[in-house]
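**Q** The lines below spell out each chain.
Protein chains: 2
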Amino acid sequence: MSQARFDVLGIGNAIVDVIAHTEDDFLIANHLAKGSMRLIDEAEAERLYAAMGPATIISGGSAANTTVGVASLGGRAAFIGKIRKDPVGDVFSHDIKAVGVAFATPRADEGPATARSFILVTPDGERTMNTYLGAGQLLTPDDIDEEMVAAATITYLEGYLWDPPDAKEAFRKAAAIAHRAERKVALTLSDSFCVDRYRDEFRDLLKTGAVDIVFANEHELKSLYVTSDFDSAVRALRDDGTFGIVTRSEQGSVVVTRDETHAIAAHPIETLVDTTGAGDLFAAGFLHGLSHGADYATCARLGALSAAEIIQHIGARPQVSLKDLAAEAGLIL
Amino acid sequence: MSQARFDVLGIGNAIVDVIAHTEDDFLIANHLAKGSMRLIDEAEAERLYAAMGPATIISGGSAANTTVGVASLGGRAAFIGKIRKDPVGDVFSHDIKAVGVAFATPRADEGPATARSFILVTPDGERTMNTYLGAGQLLTPDDIDEEMVAAATITYLEGYLWDPPDAKEAFRKAAAIAHRAERKVALTLSDSFCVDRYRDEFRDLLKTGAVDIVFANEHELKSLYVTSDFDSAVRALRDDGTFGIVTRSEQGSVVVTRDETHAIAAHPIETLVDTTGAGDLFAAGFLHGLSHGADYATCARLGALSAAEIIQHIGARPQVSLKDLAAEAGLIL
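If you're matching them up, the sequences are chains A and B in order.
Residue numbers for the first sequence follow our numbering, beginning at 2 and rising by one.
Residue numbers for the second sequence follow our numbering, beginning at 2 and rising by one.
Because the hints were derived from the structure by calculation, they are not lab data.
Please read all numbers here as calculations on a predicted model, not as lab measurements.
Treat the hints with care, as some may be off.
Note that the list lumps identical chains together, so a pair holds whenever it fits in one copy or between two copies.
Claimed, not checked - Dumping the calculated DSS-like pairs for lysine-lysine here, alpha-carbon to alpha-carbon at most 30 Å:
#, residue 1, residue 2
1, K98, K86
2, K324, K35
3, K185, K169
Input sequences plus hints: build the corresponding full structure.
**A** Here you go:
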């Protein structure tokens, strides 16, 4: 196994977020399930944008947010995802490169526009996402840069990749390359509705060892194992033999290994503004720690600290240096 | 004088802000004067964007921000400004209409793109603006909707309108219409460098009574009267006979009438994040109060409260209902 060039390589949908505050009434009137992500077509994107309030535009995308978090923590990060040559694609490309994430996936010359997610944030800080996948649907196995995957300590994939038709093949290709190079493969289950759509395939990824590390929140884990009982879901995860990290919002996180369960507290916050990116940034902190050989408790604390930063402002990209925050908290690696 | 349809009509450059955090070193390396607004061409816009960090995109524009603030306070607001039919123009148009501001200025079919301001926010919360005026340069007297101006209690103009070649004629036309309709005309001096560029013309506007109400911060007022002494500047303003409101950051504001000077404290804040829009939102609160017949102290408190909201997050558009904030503070009109 050669020296790694990247600590974390993220592969996911390349998305720019369009975020607006809204009241719960708007979700109800538009039949939107609070806290979920649904896929929409271009016509619905236009209808929803016209109906929603003034918005803030910030680059997003689940795995992309995670790589930006890793870079902000001082790690070496790379990203693979599909955008078009259009103004929204320019925004995505600028923002991810500006923090030092390596991003070189060829941009589409034609076809659907760069993906946008219309995110409605309710007064309780919860986000409800409506994603127009656009150019994200064009990601194929050809976009997987073999050398890049082989050079990354951990390749991190999002469950949302199961939505675009060819992306799951790209996912499988990347996982195979990583394992051939003796690297680790991590997966986030992304969203409980996403788990509903692809439950059997996701379980298969865990059981067959195609994935070494899985990130899930409580809802996603329960959905994966079709149970309303958290402890049963944790036992089922352990039985599948996958190293798992389960986030539980203000209740902190739980690290599940074959033999043990470690609970780590959430990082304190002053004001919850917008939960968008909480899971993505938790994963960033945890993976940054893991790729540097930190113990699980330190990894989880780095995750909690990164998530705490992101939920105290609008958008899923850090507004301050996470490396500085980690240093202040005594979490230098 | 017929019943007004609008409390405040703003006329200004229609701009979308591209905001990034930066260190002071970046300003120095790029020869940027902290706290100022400079005009840049498209090539410099591209160069600067490539060099700056990840950005948040939020509609802006000085007078536009003010009209959005008035609408957020529950007032009836309208805006005149020039954008192009392009994606950035779509963002501007959506955001201002989504809060209920009347905006119907014809959009340009061709020519330069919708204006963007590249705003660099340093750790002290100060903003340094680099504005590509683009389609803003196409505003002409033909864009001044006479019926709209005549129907507004106060027409509010930004000093930045002196920058695009034809906009000052649009400004003069609007002021004349407003006065014929027995309405009030307000001006913000915008920026001390802007005052440097147009000092004689701005003083003329005040002395001739083309403007009834002037907003300035301390630096702009000193620049207008070419003095380093605040009290001398206030005396000169009084001699010109214009009703003036001078903002002094954390030192609050001073209302200057022909006979009196009222000092009003700043509104307390928790954390200063980004001063972008502080003056614009102060003007929103003050003008909202004034158009509803409030006394000067109440007007200034509404201004201070609105400014306090805007400087505690990124961007110059309110993230919560200013009407609710005003109600909580006992400032219901």
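**Q** Give me the numbers of the hints this structure contradicts, sorted from smallest to largest.
**A** Violated: none.
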